[in-house]
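Letter by letter, the chains look like this.
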Amino acid sequence: MVERSSGTGDSSMSANLESFEVGESWYGRVVVLSVVGDVDMLSAPRLTASILTAVANKPAGVIIDLTKVEFLASSGMSVLIAAHEQVTPSVQFGVVAAGPATSRPMKLMGVDATLALYPTLDAALSDLR
Amino acid sequence: MSEPNCRPDSLSHIGDRSRLTCNDVTADPVGAARLRGDFRMWLQRHFTLSAPVRGTVDLRVAYDSGTATLALTVADHGCWRRPITDPLRGRGIALMHALAEHAAIDTTPAGTQVRLDWSNLLTRDAEEGVE
Numbered sequence: 001m002v003e004r005s006s007g008t009g010d011s012s013m014s015a016n017l018e019s020f021e022v023g024e025s026w027y028g029r030v031v032v033l034s035v036v037g038d039v040d041m042l043s044a045p046r047l048t049a050s051i052l053t054a055v056a057n058k059p060a061g062v063i064i065d066l067t068k069v070e071f072l073a074s075s076g077m078s079v080l081i082a083a084h085e086q087v088t089p090s091v092q093f094g095v096v097a098a099g100p101a102t103s104r105p106m107k108l109m110g111v112d113a114t115l116a117l118y119p120t121l122d123a124a125l126s127d128l129r
Numbered sequence: 001m002s003e004p005n006c007r008p009d010s011l012s013h014i015g016d017r018s019r020l021t022c023n024d025v026t027a028d029p030v031g032a033a034r035l036r037g038d039f040r041m042w043l044q045r046h047f048t049l050s051a052p053v054r055g056t057v058d059l060r061v062a063y064d065s066g067t068a069t070l071a072l073t074v075a076d077h078g079c080w081r082r083p084i085t086d087p088l089r090g091r092g093i094a095l096m097h098a099l100a101e102h103a104a105i106d107t108t109p110a111g112t113q114v115r116l117d118w119s120n121l122l123t124r125d126a127e128e129g130v131e
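These protein sequences, in sequence, are chains Y and W. All residue numbers for the first sequence refer to this note's numbering, where the first residue is 1 and numbers rise by one. All residue numbers for the second sequence refer to this note's numbering, where the first residue is 1 and numbers rise by one.
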């Protein structure tokens, strides 16, 4: 797997799809998808696939954790909104995002009027469980 | 391995704070990701921060220390898709306007040029007290 290493000036490799991954963890009946890497046109379909896989296991809630995401393209926002439309209201849906790469552009686009955004995973879990 | 994808022209290289030029980059998601990575690397080094047939994309960045202004120009040779009515699409342009201090999008039948400007950038040299 390609590691991001800002110290060596090798950050062009950090945009590589190989450094993108989505982890799945369960907190009771709430599933948390932890995203690592850039969410852009290349990786957005993989995020969609991970969400569909998790939803197939019938969670009561879905949390997309973008804490470790350093770039969120408009295509990534589309994936989140599409997933929200698909699962709610029978399944709860929330997104963890903080900082200039994720929270700021989503708020600038008014996406927070559609999606429930949380600054931390704990805040999201408190609300959804 | 750490060689940037933007090949330097005869006057600039990744250590040149005044400019970064990347020509003929493939206009697909992989090319866009590479440009993003190289631009990120150049920014981090010098500044503190707050198609069926594929075309190419050209990126030029220039920093004027006199006015502390960063000007980014991205030009492609493609054509626009049909107007956006899908609620899941259409945030790219709005994002450019929202994230840049000033954004100008010039469209022609031969391609599109986007100009994004940011002013009052603090360089690493200035922050560290080096000139």
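Among the clues, some could well be false.
[Stated by the list, open to error] Facing chain W, from chain Y, some residues (calculated, C-beta under 10 Å):
#: 1; residue: 36
#: 2; residue: 40
#: 3; residue: 42
#: 4; residue: 67
#: 5; residue: 71
#: 6; residue: 73
#: 7; residue: 75
#: 8; residue: 77
#: 9; residue: 104
#: 10; residue: 105
#: 11; residue: 111
#: 12; residue: 112
[What the hints assert, rightly or not] Estimated spans, in silico, between C-beta atoms of each pair:
#: 13; chain 1: Y; residue 1: 17; chain 2: W; residue 2: 44; range: 34 to 42 Å
#: 14; chain 1: Y; residue 1: 88; chain 2: W; residue 2: 99; range: 41 to 49 Å
#: 15; chain 1: Y; residue 1: 21; chain 2: W; residue 2: 45; range: 22 to 30 Å
[Claimed, not checked] Far from chain Y, by Cβ distances over 12 Å, these chain W residues were calculated:
#: 16; residue: 72
#: 17; residue: 97
#: 18; residue: 107
#: 19; residue: 109
#: 20; residue: 113
#: 21; residue: 123
Derived from the structure by calculation, the hints contain no laboratory data. A virtual CB, placed ideally from N, CA and C, is assigned to each residue, including glycine.
task: Could you tell me which of the numbered hints above are not met by this structure, giving the numbers in increasing order?
output: The structure conflicts with hints 1, 4, 12, 13, 14, 17, although it agrees with all the remaining ones.
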